[in-house]
Amino acid sequence: MTEERLPVRKVKVTALCELCHGRKAVMKRPKNLQKLCKECFYNVFETEIHNTITDAELFKPGDVVAIGASGGKDSTVLASVLKTLNERYNYQLKLVLLSIDEGIKGYRDDSLATVKRNQAQYEMPLEIVSYKDLYNWSMDEIVACAGMRSSCTYCGVLRRQALDRGAAKLGINHIVTGHNADDVAETVLMNILRGDTARLEKSTTIVTQSTGSPIRRSKPFKYTYQKEIVLYAHYKKLDYFSTECTYAPEAFRGTTRELLKSLEAIRPSCIMDIIYSGEHLTLKPKKKKITPKYKNQKKVNDEVEVNADGSVSLNKEFKDAGLEMNRAKVSIENNASIDGAAKLSKTLEQLSF
Amino acid sequence: MAIKVKVEFLGGLDVISSGVREHKLSVPLEEGEATLKDLVDYITKTIITDPKDIPVFIEDDTVRPGILVLINDTDWELEGGEEYVIESGDVFTFTSTLHGG
Ligand SMILES: [Zn+2]
Numbered sequence: 001m002t003e004e005r006l007p008v009r010k011v012k013v014t015a016l017c018e019l020c021h022g023r024k025a026v027m028k029r030p031k032n033l034q035k036l037c038k039e040c041f042y043n044v045f046e047t048e049i050h051n052t053i054t055d056a057e058l059f060k061p062g063d064v065v066a067i068g069a070s071g072g073k074d075s076t077v078l079a080s081v082l083k084t085l086n087e088r089y090n091y092q093l094k095l096v097l098l099s100i101d102e103g104i105k106g107y108r109d110d111s112l113a114t115v116k117r118n119q120a121q122y123e124m125p126l127e128i129v130s131y132k133d134l135y136n137w138s139m140d141e142i143v144a145c146a147g148m149r150s151s152c153t154y155c156g157v158l159r160r161q162a163l164d165r166g167a168a169k170l171g172i173n174h175i176v177t178g179h180n181a182d183d184v185a186e187t188v189l190m191n192i193l194r195g196d197t198a199r200l201e202k203s204t205t206i207v208t209q210s211t212g213s214p215i216r217r218s219k220p221f222k223y224t225y226q227k228e229i230v231l232y233a234h235y236k237k238l239d240y241f242s243t244e245c246t247y248a249p250e251a252f253r254g255t256t257r258e259l260l261k262s263l264e265a266i267r268p269s270c271i272m273d274i275i276y277s278g279e280h281l282t283l284k285p286k287k288k289k290i291t292p293k294y295k296n297q298k299k300v301n302d303e304v305e306v307n308a309d310g311s312v313s314l315n316k317e318f319k320d321a322g323l324e325m326n327r328a329k330v331s332i333e334n335n336a337s338i339d340g341a342a343k344l345s346k347t348l349e350q351l352s353f
Numbered sequence: 001m002a003i004k005v006k007v008e009f010l011g012g013l014d015v016i017s018s019g020v021r022e023h024k025l026s027v028p029l030e031e032g033e034a035t036l037k038d039l040v041d042y043i044t045k046t047i048i049t050d051p052k053d054i055p056v057f058i059e060d061d062t063v064r065p066g067i068l069v070l071i072n073d074t075d076w077e078l079e080g081g082e083e084y085v086i087e088s089g090d091v092f093t094f095t096s097t098l099h100g101g
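Just so you know, the sequences run in chain order A and B.
Heads up: the first sequence begins at 1 in UniProt numbering, then just goes up one per residue.
Heads up: the second sequence begins at 1 in UniProt numbering, then just goes up one per residue.
One chain only, chain A, in its complex shape (with noise of 0.2 Å):
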């Protein structure tokens, strides 16, 4: 008898799902390294963030809520589990979608669409606010006049003012955005980094409410992973938007952010421990003001400056040497905005935060 030889196979080995011990695991958490399941990752997925949300006491029956939603996968799987886990726990919410348009081509016009899908696929209103509508500039316009460098930062100031001003139109106070545990390290981390002490107590609390202003911030995302959300967006087949924006990001943000992934990949606990670090460091108590003399000008670099109230304002030398500066070449380049440099110059200034 002749033996047949069958092809040598590598028997595949698969794990089976650290918690219901029933299901091959699918996922590997980065937190604690378990491995799970689909069904109990979507589980412990949505109740962690539950229990966020119940520890920080985010919420009360009868609240509006409004959620800040780009399109992109964060948002877009914060207004998914909201749903669910306001029809599951009965939280009596009321789940608002608020989209701010900055007026950037080929980006926002793209993401605003998968928003306005958003709208229909969980139900909920959706109010647009835009640069133009509220600053008279689209963002287009504003990178033209005033050129690219720190427009990132200069849009995020711009954005968390359309925000409240979206949810104050609403008569809404309560806004949640999709800050995951990533970008809550990265914040620490940079913070560190530029030895800015002042924002460092403040970049690991879940609320933030500015003085003075009656909209709550919070970020029920704070201990999540951005791997696991966008697991949860695929195995879901949740519907996102994920092109970048067309104007790059700061570079020591992006240098910040890479840092991290490199650090996780090695470590992955890293993100939970950097936070946790961030949370413990308090500040001494202030003595007499002793300003060092490399300090002594505050923070020339940054173009959006933290006031003593805590609100925020543009940097005045940003906005006279940026704006200046570029005027001969608006006029030339964008029609738009050809008797429009001046007009944006004033607009700006007149920008209290």
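Be careful, since some hints might not be right.
When the alpha-carbon atoms are kept at most 27 Å apart in a straight line, the in silico DSS-like pairs for lysine-lysine are as follows [what the hints assert, rightly or not]:
#1 K4(B) with K237(A)
#2 K24(A) with K37(B)
#3 K52(B) with K35(A)
#4 K6(B) with K38(A)
#5 K105(A) with K52(B)
#6 K236(A) with K52(B)
#7 K94(A) with K105(A)
#8 K261(A) with K52(B)
Which stretches of chain B does chain A cover? Using the computed rule of at least three CB atoms under 8 Å from a CB of chain A, they are [what the hints assert, rightly or not]:
#9 6-13
#10 38-44
#11 69-77
Have a look at the derived ranges for each label pair, beta carbon to beta carbon [stated by the list, open to error]:
#12 K236(A) with E31(B): 25 to 35 Å
#13 T211(A) with I47(B): 29 to 39 Å
#14 D196(A) with G19(B): 30 to 40 Å
#15 K24(B) with D239(A): 44 to 54 Å
#16 D50(B) with K237(A): 23 to 33 Å
#17 E31(B) with T282(A): 56 to 66 Å
Everything labelled a hint here was simulated from the structure, so no lab data went into it.
Glycine is no exception: its CB is placed at the ideal position from the N, C-alpha and C atoms.
Use these hints to put chain B with the ligand onto chain A, whose structure you have.
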């Protein structure tokens, strides 16, 4: 014999292949021997349109941190990572977690 697999670039990673998200490939490698590492090398050489985009996908000779890799919808960390032996019919999904929040 070529190994027939499907490769997907999601989460904005399709920028490295001229916006094409799904690729059906006949990989000229030996089935039973070729690993995911070999496939990644093959992808880098043949699919990435502009060599300037290679660092978007590869860092330090491996898939860049921040790109989530799924093998038949399972986290590659559970399947041996780069050492996974590829088979005809496999689906490999590369999703950027870095693109827009
Ligand atoms: Zn399970």
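Given the proposed pairing of K24(A) with K37(B), does the C-alpha separation stay at or below 27 Å?
24 Å, holds
Between K6(B) and K38(A), does the CA-CA distance stay at or below 27 Å?
22 Å, holds
Straight-line alpha-carbon gap K105(A) to K52(B), limit 27 Å
24 Å, holds
Given the range 30 to 40 Å, decide if the beta-carbon distance of D196(A) to G19(B) lies inside it.
39 Å Cβ-Cβ, so the 30 to 40 Å window holds.
For the pair we were handed, K4(B) and K237(A), check the Cα-Cα distance against 27 Å.
Holds, at about 25 Å.
Should the hint that E31(B) and T282(A) are 56 to 66 Å apart at their CB atoms be regarded as holding?
59 Å, holds
Is it true that the C-beta distance of K236(A) to E31(B) lies inside 25 to 35 Å, as the hint says?
Hint holds: Cβ distance 33 Å, inside 25 to 35 Å.
With respect to the beta-carbon atoms only, verify the hint that D50(B) and K237(A) lie 23 to 33 Å apart.
30 Å, holds
Okay, K24(B) versus D239(A) on CB: inside 44 to 54 Å?
24 Å Cβ-Cβ, so the 44 to 54 Å window is violated.
Note whether the CB distance of T211(A) and I47(B) lies within 29 to 39 Å or breaks it.
Hint violated: Cβ distance 53 Å, outside 29 to 39 Å.
For a C-alpha distance cap of 27 Å, please report whether K261(A) and K52(B) respect it.
21 Å, holds
Given the hint that K94(A) pairs with K105(A), does the C-alpha gap stay at or below 27 Å?
Cα-Cα ~32 Å, so violated.
In the structure shown, a violation is registered for the earlier hints numbered 3, 6, 7, 10, 13, 15, in ascending order.
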